[in-house]
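*Asks:* Residue strings, one per chain:
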Amino acid sequence: MGRSGSKVALLLASVLTLAGCGSAYPADPDGTLERVANGTLRVGASDNGEWVDVDGEDVRGTEADLVRDFAARLGAEIDWVPGTEHVLAEELKHGQLDLVIGGLDDKTPWAQHGGLTLAYAESRDSRGSLHRHVMLVPLGENAFLLELDRFLMEAKEQG
Amino acid sequence: MTMAKRDGPVRFGHTELPDEQKEALRKAVKFEWITIGYLAVSTALVFAVLGNSQAMKAAWVEDVLSFLPPISFLLAARVIRKKPTEEHPYGFHRAVGIAHVVAAVALTVMGAYLIVDSAIGLLGTEHPTIGGFDFFGQTIWLGWMMIGAMVLTALPPVYLGLIKLKLAEKLHDKVLYADADMNKADWMTATAAGVGVAGIGFGLWWADYAAALLISFSILHDGVRNTRAAISALMDKRARTYDDAEPHPLGHRLDEYLRGLAWTEAAQSRIRDEGHVFHVESFVVPAKGRMPSLEQLEAAQEACIGMDWKVQDMVIIPVAELPSEFLPGATSGGER
Chain D
10 MGRSGSKVAL LLASVLTLAG CGSAYPADPD GTLERVANGT LRVGASDNGE
60 WVDVDGEDVR GTEADLVRDF AARLGAEIDW VPGTEHVLAE ELKHGQLDLV
110 IGGLDDKTPW AQHGGLTLAY AESRDSRGSL HRHVMLVPLG ENAFLLELDR
160 FLMEAKEQG
Chain Z
4 MTMAKRDGPV RFGHTELPDE QKEALRKAVK FEWITIGYLA VSTALVFAVL
54 GNSQAMKAAW VEDVLSFLPP ISFLLAARVI RKKPTEEHPY GFHRAVGIAH
104 VVAAVALTVM GAYLIVDSAI GLLGTEHPTI GGFDFFGQTI WLGWMMIGAM
154 VLTALPPVYL GLIKLKLAEK LHDKVLYADA DMNKADWMTA TAAGVGVAGI
204 GFGLWWADYA AALLISFSIL HDGVRNTRAA ISALMDKRAR TYDDAEPHPL
254 GHRLDEYLRG LAWTEAAQSR IRDEGHVFHV ESFVVPAKGR MPSLEQLEAA
304 QEACIGMDWK VQDMVIIPVA ELPSEFLPGA TSGGER
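First to last, the sequence lines map onto chains D and Z.
For any residue, its number in the numbering used here is found by taking its place in the first sequence, counting from 1, and adding 9.
For any residue, its number in the numbering used here is found by taking its place in the second sequence, counting from 1, and adding 3.
Isolated chain D, as found in the complex (with noise of 0.2 angstroms):
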């Protein structure tokens, strides 16, 4: 690397400088965590069996009882958008989004549009192929993710 040396030194020291700027480690690089929490959730939601129940304007089902349960613990309202997956995952990717459901998997072809939270769930379909159940969240939003995800593992533990 040789000369490069320098170079690491140098980001290093700018990386360090911004460190006292922000608040929140991780950052959302837009703020989203920041925004929502006594504000309002914009959650995407795609109609999928017993996580997702989209029925009119009412949004039931399991995944929808977590987000409830999350924009409680943000204080925060929920703007419901129903929708199919790829408007939805589109709607996010363009920051129309903060959040979709769907009773989406790790193997989500949406990764690209979005980031996963971790796994709070398994189920296996009938063809017993196991599933492993995520939520998408916007991209580079890490602050916002994080505590989703932290939200999701404490769900997780109580069962």
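Just so you know, these hints were derived from the structure itself, not from any lab.
Cβ atoms here follow ideal geometry from the backbone N, Cα and C, with glycine treated the same way.
It is possible that part of the hints are untrue.
Some chain D residues flagged as far from chain Z (calculated, every beta-carbon gap over 10 angstroms) [unchecked claim]: (1) Asn-57; (2) Gly-58; (3) Val-63; (4) Gly-84; (5) Thr-93; (6) His-140.
Restricting the straight-line Cα-Cα distance to at most 20 angstroms, the calculated cross-link-like pairs of lysine to aspartate or glutamate (EDC-like) are [as the list claims (entries may be wrong)]: (7) D/Lys-165 with Z/Asp-137; (8) Z/Lys-86 with Z/Glu-19; (9) D/Lys-165 with D/Asp-114; (10) Z/Lys-30 with Z/Glu-19; (11) D/Lys-165 with D/Glu-131; (12) D/Lys-102 with Z/Glu-129.
Since chain D is already given, all that's left is putting chain Z on it; use the hints.
*Replies:* Below, chain Z without anything else, positioned relative to chain D:
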């Protein structure tokens, strides 16, 4: 690996290694196995926390590529022991050069690939997503695990590199040298990746790509430098020191010795580096056009071979004048 028994003779082709080189080879083989063992652990560790960080990906790829030089070295160290055969009268020393080219090209290709991959991520403003990690029931930020992995893997290769560097000089082994040199610089890769991940934590999503690009350029740089050195060695460039820093001083010493003999008027050698050992062709002009006796020629050859273990395959060719077509740049006195 059936390794050299400590006491039996160890050969590179038909060159029997002196004790110092025998010991260096034994150590080099040992430390290359240690390197492989270490890499197996570190690549597994880094893979476990790879996440979505481009810098971690680049560091991991570099780790995986680091397997190539030790494997090349260990394979070559076996092949070159074979004695020359009728079909391979020069022996099998070139195995080292081939191993060097293969490792160098792999570095170059992966370096270039990672630069393109990182640049696409940077230009597409793909924010790296790093969430929680289930650490014995506690959900902690995966970024901390990445930084921890980088801290753990930063220093051991530096230690291995420094040891192998010394052995490379003793053995005149360029693959070992390239390997050691890369290990020695490994801490910078780990630091860059760690800093990139720390940057993500501060919300600086581009820090990850900046670190990844830095690492990728260093891989490419290593690759290009090694490819160049390996190819020119295979093209019979004149023998240079183990680190390619300068022409090997042995050439000068051989010429000085031959010129100093009572029966010679001028002498000049051309030397190619076969990997560890040299092939030497020394052209000598006998004084006053009088042919030397066979005894004189043989004594001169033996004295030259005695100078350095790398000289074994040597021929002395008496000529009327130094052949400029074989010795480009040679003057009548053979001075450089």
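*Asks:* If a hint holds in the structure, say so; if it does not, say that too.
*Replies:* Going down the list of hints, with the structure as the test:
no.	hint	verdict
1	Asn-57	holds (22 angstroms)
2	Gly-58	holds (25 angstroms)
3	Val-63	holds (26 angstroms)
4	Gly-84	holds (21 angstroms)
5	Thr-93	holds (23 angstroms)
6	His-140	holds (18 angstroms)
7	D/Lys-165 with Z/Asp-137	holds (12 angstroms)
8	Z/Lys-86 with Z/Glu-19	holds (11 angstroms)
9	D/Lys-165 with D/Asp-114	holds (16 angstroms)
10	Z/Lys-30 with Z/Glu-19	holds (17 angstroms)
11	D/Lys-165 with D/Glu-131	holds (10 angstroms)
12	D/Lys-102 with Z/Glu-129	holds (10 angstroms)
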